Amino acid sequence: MRNKVAALIIMGALAAPAQEPFEALSSVKIQLPPDSPVALLSADWKQSRTAPRGGALILDLHTAVSLRNAGGRRIRGITLQVLAQEVTPGGRGSVTVPCLNVAPGDSFPIRIDLRLLRPLPAGAGPLVTVSLDGVLFEDLSFYGPNQLNLRRALTAWELEAQRDRRHLGAVLSAGGPAALQKELLAAIARQAERPRLDMRVARAGRATNFEAERTVEFAFLRFPDAPVEPVAGTARITGFEARSPRLEVMNRSGRAVRHLEIGWLLKDRQGREFLAGSVPAALALAPGQKSQVMEDSTSLRFTGRPGLGLAIDSITGYVSQVEFADGQIWIPSRASLSDPRLLRALSPSTEEERLIGIYKTKGLVAVVGELKKF
Amino acid sequence: MSHPSEIDLALIAGGELGAWRRFRLWRHVRSCDPCRREVEAFRAARESTSEAARELPGEVHWGRLAAEIKANIRLGLAAGECVGPVAETSIQPGWRVAASLASVMVLVLSGWWLYLPAPRILTQAGEPGVILEADASGIGLRENGASMTLMHGSPGVITLTANVQGSLGVRYFDTETGQITIHHVHAQ
Numbered sequence: 001m002r003n004k005v006a007a008l009i010i011m012g013a014l015a016a017p018a019q020e021p022f023e024a025l026s027s028v029k030i031q032l033p034p035d036s037p038v039a040l041l042s043a044d045w046k047q048s049r050t051a052p053r054g055g056a057l058i059l060d061l062h063t064a065v066s067l068r069n070a071g072g073r074r075i076r077g078i079t080l081q082v083l084a085q086e087v088t089p090g091g092r093g094s095v096t097v098p099c100l101n102v103a104p105g106d107s108f109p110i111r112i113d114l115r116l117l118r119p120l121p122a123g124a125g126p127l128v129t130v131s132l133d134g135v136l137f138e139d140l141s142f143y144g145p146n147q148l149n150l151r152r153a154l155t156a157w158e159l160e161a162q163r164d165r166r167h168l169g170a171v172l173s174a175g176g177p178a179a180l181q182k183e184l185l186a187a188i189a190r191q192a193e194r195p196r197l198d199m200r201v202a203r204a205g206r207a208t209n210f211e212a213e214r215t216v217e218f219a220f221l222r223f224p225d226a227p228v229e230p231v232a233g234t235a236r237i238t239g240f241e242a243r244s245p246r247l248e249v250m251n252r253s254g255r256a257v258r259h260l261e262i263g264w265l266l267k268d269r270q271g272r273e274f275l276a277g278s279v280p281a282a283l284a285l286a287p288g289q290k291s292q293v294m295e296d297s298t299s300l301r302f303t304g305r306p307g308l309g310l311a312i313d314s315i316t317g318y319v320s321q322v323e324f325a326d327g328q329i330w331i332p333s334r335a336s337l338s339d340p341r342l343l344r345a346l347s348p349s350t351e352e353e354r355l356i357g358i359y360k361t362k363g364l365v366a367v368v369g370e371l372k373k374f
Numbered sequence: 001m002s003h004p005s006e007i008d009l010a011l012i013a014g015g016e017l018g019a020w021r022r023f024r025l026w027r028h029v030r031s032c033d034p035c036r037r038e039v040e041a042f043r044a045a046r047e048s049t050s051e052a053a054r055e056l057p058g059e060v061h062w063g064r065l066a067a068e069i070k071a072n073i074r075l076g077l078a079a080g081e082c083v084g085p086v087a088e089t090s091i092q093p094g095w096r097v098a099a100s101l102a103s104v105m106v107l108v109l110s111g112w113w114l115y116l117p118a119p120r121i122l123t124q125a126g127e128p129g130v131i132l133e134a135d136a137s138g139i140g141l142r143e144n145g146a147s148m149t150l151m152h153g154s155p156g157v158i159t160l161t162a163n164v165q166g167s168l169g170v171r172y173f174d175t176e177t178g179q180i181t182i183h184h185v186h187a188q
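Those protein sequences? They're chains A and B, same order as listed. To convert, note that position 72 of the first sequence is 72 in the numbering used here; the numbers rise steadily by one, no gaps. To convert, note that position 137 of the second sequence is 137 in the numbering used here; the numbers rise steadily by one, no gaps.
Hints in this document: simulated from the structure, not taken from any laboratory. The reader is advised that the hints may include incorrect statements.
SDA-like cross-link-like pairs, simulated, lysine to any residue; straight-line CA separation at most 25 Å [said to hold, decoys possible]: (1) A:K46 to B:P34; (2) A:K362 to B:F23; (3) A:K182 to B:T175; (4) A:K46 to B:R30; (5) A:K267 to B:L160; (6) A:K360 to B:R22; (7) A:K46 to B:R27; (8) A:K360 to A:Q147; (9) A:K267 to A:L283; (10) A:K29 to A:Q147; (11) A:K360 to B:W95; (12) A:K267 to B:D135; (13) A:K360 to B:R30; (14) A:K362 to B:A19; (15) A:K373 to A:D313; (16) A:K360 to B:T159; (17) A:K373 to B:E176; (18) A:K373 to B:T177.
According to the in silico footprint, chain B covers these stretches of chain A (three or more CB under 8 Å from chain B) [as the list claims (entries may be wrong)]: (19) 77 to 91; (20) 166 to 179; (21) 262 to 274.
Away from chain B, derived, C-beta distances all over 10 Å, residues of chain A [to be verified]: (22) I30; (23) L159; (24) K182; (25) V368.
Quick caveat: nothing in here was measured; it's all calculated off a predicted structure. For each residue, glycine too, the CB sits at the ideal point set by N, CA and C.
Given the sequences, and given the hints that come with them, work out the whole structure.
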């Protein structure tokens with residue numbers, strides 16, 4: 001390890017960057033539609049650099065884009081699409097900021113820290129295009145092309161934020177700041193206990209280990225208020241990989257469902273349980289109807305820190321999100337999530353994580369102030 | 001505070017420090033331009049090394065390659081013996097074998113060292129050749145030798161999410177803006 005570090009230091013010294021001034025205007029383009037509810041105030045590129053590396057060019061783009069709410073409604077979330085069409089035409093990136101509370105006329109920053117590595121020579125057009133993909137307002141209405149299909153996620157995050165602010169507000173009202181502090185400290189402790197994992201998602205057939213594959217029956221956590229109930233399910237497990245989930249679900253609500261997400265809780269052979277991700281599925285599920293959810297083309301591979309494979313023992317599924325045909329979204333209640341297994345395994349919601357961050361950096365008074373803003 | 005040592009900066013760049021030490025040093029690095037540039041240089045060098053390793057043919061089996069080279073050397077020596085002894089040699093055959101084997105060992109060890117994969121999240125999805133991956137510094141999209149990486153640079157807790165339909169996400173609390181920021185890379 002020490003030799004590797006030494007080698008890296010030597011290589012780093014040999015490859016000391018010959019940095020060049022960054023030409024923002026020719027390298028980056030920010031596109032906002034004419035009727036956009038946000039207006040660009042400024043974009044500071046001073047920290048950005050370009051540097052040649054052999055036959056390639058590295059562009060380090062660091063900016064804080066300042067936007068103003070140019071509409072008449074409060075903004076709750078925003079997604080910017082980051083596209084490097086000439087460099088990586090097969091994909092795109094996005095930067096989303098949920099849990100906002102931006103009043104009309106107010107401004108807010110969005111940080112973009114981006115690194116591009118592209119072969120030389122560079123083309124003539126801009127390397128990066130940043131465009132508006134969507135804005136979520138306080139009434140849950142939405143503006144934008146939604147090319148990245150993040151509208152549903154933005155809405156769910158906002159619903160979770162409302163739910164958790166209500167919960168923490170109730171804790172504050174009932175027990176005062178001391179009770180709120182206890183709640184936040186418990187969330188921080190759970191966050192610290194959660195195993196740090198890396199994941200790999202690959203197309204089926206790309207498994208890289210040699211253990212025999214076995215089929216495992218799903219166990220389910222059932223929420224009394226969930227509109228969709230998982231009935232049965234299996235997945236195939238090979239050592240560190242889980243793949244080919246097949247789930248049967250039933251719509252027990254009186255409304256048609258068009259999308260759902262099933263969360264996966266995996267238990268390793270040491271008995272540790274963690275959230276592995278979710279399986280989204282678009283479907284047309286009428287009231288009372290059953291349907292199959294299958295995903296044969298992918299596999300999930302898990303790696304613990306520092307890089308050791310994590311052997312999977314069993315899988316538990318739960319319904320984490322449901323979208324009805326009319327666009328309304330259901331998320332689990334705090335009571336449902338208070339199941340000890342879920343509490344241990346799930347990350348806090350985006351809003352809970354924001355409030356924890358504020359508590360860590362600014363203290364309890366700032367959290368109380370934040371709760372009173374909404 | 002004095003500047004961190006070069007070794008510490010290299011460890012920060014590689015994401016190999018413990019949580020507390022990383023947090024303590026990262027506070028300095030964020031506010032110190034020379035140190036930040038140093039970390040970025042280490043990070044770039046590390047990525048260049050990884051890139052070079054990735055560009056090696058995936059199907060190369062170094063053990064087999066070494067065995068084949070050794071076999072060819074032995075075959076050559078055996079063929080030389082078939083045509084009879086050479087009257088005048090300035091270098092003993094034993095030295096030749098040793099030099100050849102040393103070269104082979106250098107080649108094999110270099111290849112093995114470069115071929116070690118760095119711990120990262122990897123998503124292969126969408127069009128062939130499009131790879132989504134995540135490591136300690138950010139999540140990225142790699143295609144045909146070019147790449148785009150969204151860096152978070154957060155010393156705190158990050159939450160990674162993988163969507164089986166072909167996207168990777170990372171969520172973190174930005175201490176500068178006081179906002180939660182979520183990065184995604186999507187394969188088309």
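For each hint, the structure was consulted:
1. Restraint check for A:K46 and B:P34: the C-alpha separation of about 15 Å stays at or below 25 Å, so the hint holds.
2. A distance of roughly 17 Å separates the Cα atoms of A:K362 and B:F23; the hinted pair therefore holds under the 25 Å criterion.
3. Taking the CA atoms of A:K182 and B:T175, the gap is about 22 Å. The hint holds against a cut of 25 Å.
4. Note on A:K46 and B:R30: the hinted pairing holds, with a Cα-Cα distance of about 15 Å set against a maximum of 25 Å.
5. The straight-line distance between the Cα atoms of A:K267 and B:L160 is roughly 18 Å, inside the 25 Å bound, and the hint therefore holds.
6. Straight-line distance between C-alpha atoms of A:K360 and B:R22 comes to about 17 Å, which keeps the hinted pair within the 25 Å bound.
7. For the hint pairing A:K46 with B:R27, the CA-to-CA distance comes to about 20 Å; that is within 25 Å, so the pair holds.
8. Simply put, A:K360 and A:Q147 have alpha-carbon atoms about 35 Å apart, too far for the 25 Å limit, and the pair is violated.
9. Note on A:K267 and A:L283: the hinted pairing is violated, with a Cα-Cα distance of about 28 Å set against a maximum of 25 Å.
10. A threshold of 25 Å between alpha carbons decides the hint, and for A:K29 with A:Q147 the separation of about 18 Å falls inside it, so the pair holds.
11. With a CA separation close to 66 Å, the supplied pair A:K360 and B:W95 exceeds the 25 Å bound.
12. Between the alpha carbons of A:K267 and B:D135 the distance comes to roughly 23 Å, so the proposed pair stays at or under 25 Å and holds.
13. A distance of roughly 18 Å separates the Cα atoms of A:K360 and B:R30; the hinted pair therefore holds under the 25 Å criterion.
14. As the CA atoms of A:K362 and B:A19 are separated by approximately 20 Å, the hinted pair is consistent with the 25 Å bound.
15. Between A:K373 and A:D313, the direct Cα distance comes to roughly 45 Å. Violation of the 25 Å bound is thereby established for this hinted pair.
16. Using a Cα cut-off of 25 Å, the hinted pair A:K360 and B:T159 holds, with the two alpha carbons roughly 17 Å apart.
17. Among the hinted pairs, A:K373 with B:E176 is consistent with the structure: their alpha-carbon atoms are about 20 Å apart, no more than 25 Å.
18. For the hint linking A:K373 to B:T177, the alpha-carbon distance of about 17 Å falls within 25 Å, and the restraint holds.
19. Coverage of the region 77 to 91 of chain A by chain B holds [criterion: at least 3 residues with CB-CB distance below 8 Å; count 7].
20. For the region 166 to 179 of chain A, the stated coverage by chain B is violated: 0 residues have a C-beta nearer than 8 Å to a C-beta of that chain, whereas at least 3 were required.
21. Taking a C-beta to C-beta cut-off of 8 Å, the region 262 to 274 of chain A contributes 0 residues in contact with chain B, too few for the three needed, and the coverage statement is violated.
22. Non-interface status of A:I30 relative to chain B is upheld: no Cβ of that chain comes within 10 Å, the nearest being about 16 Å off.
23. Residue-level check passed: A:L159 sits 15 Å from the nearest beta carbon of chain B, beyond 10 Å.
24. With a minimum CB-CB distance of about 20 Å to chain B, A:K182 clears the 10 Å threshold, and the non-interface call stands.
25. Listed as a non-interface residue, A:V368 keeps its Cβ farther than 10 Å from every Cβ of chain B; the least gap is roughly 15 Å.
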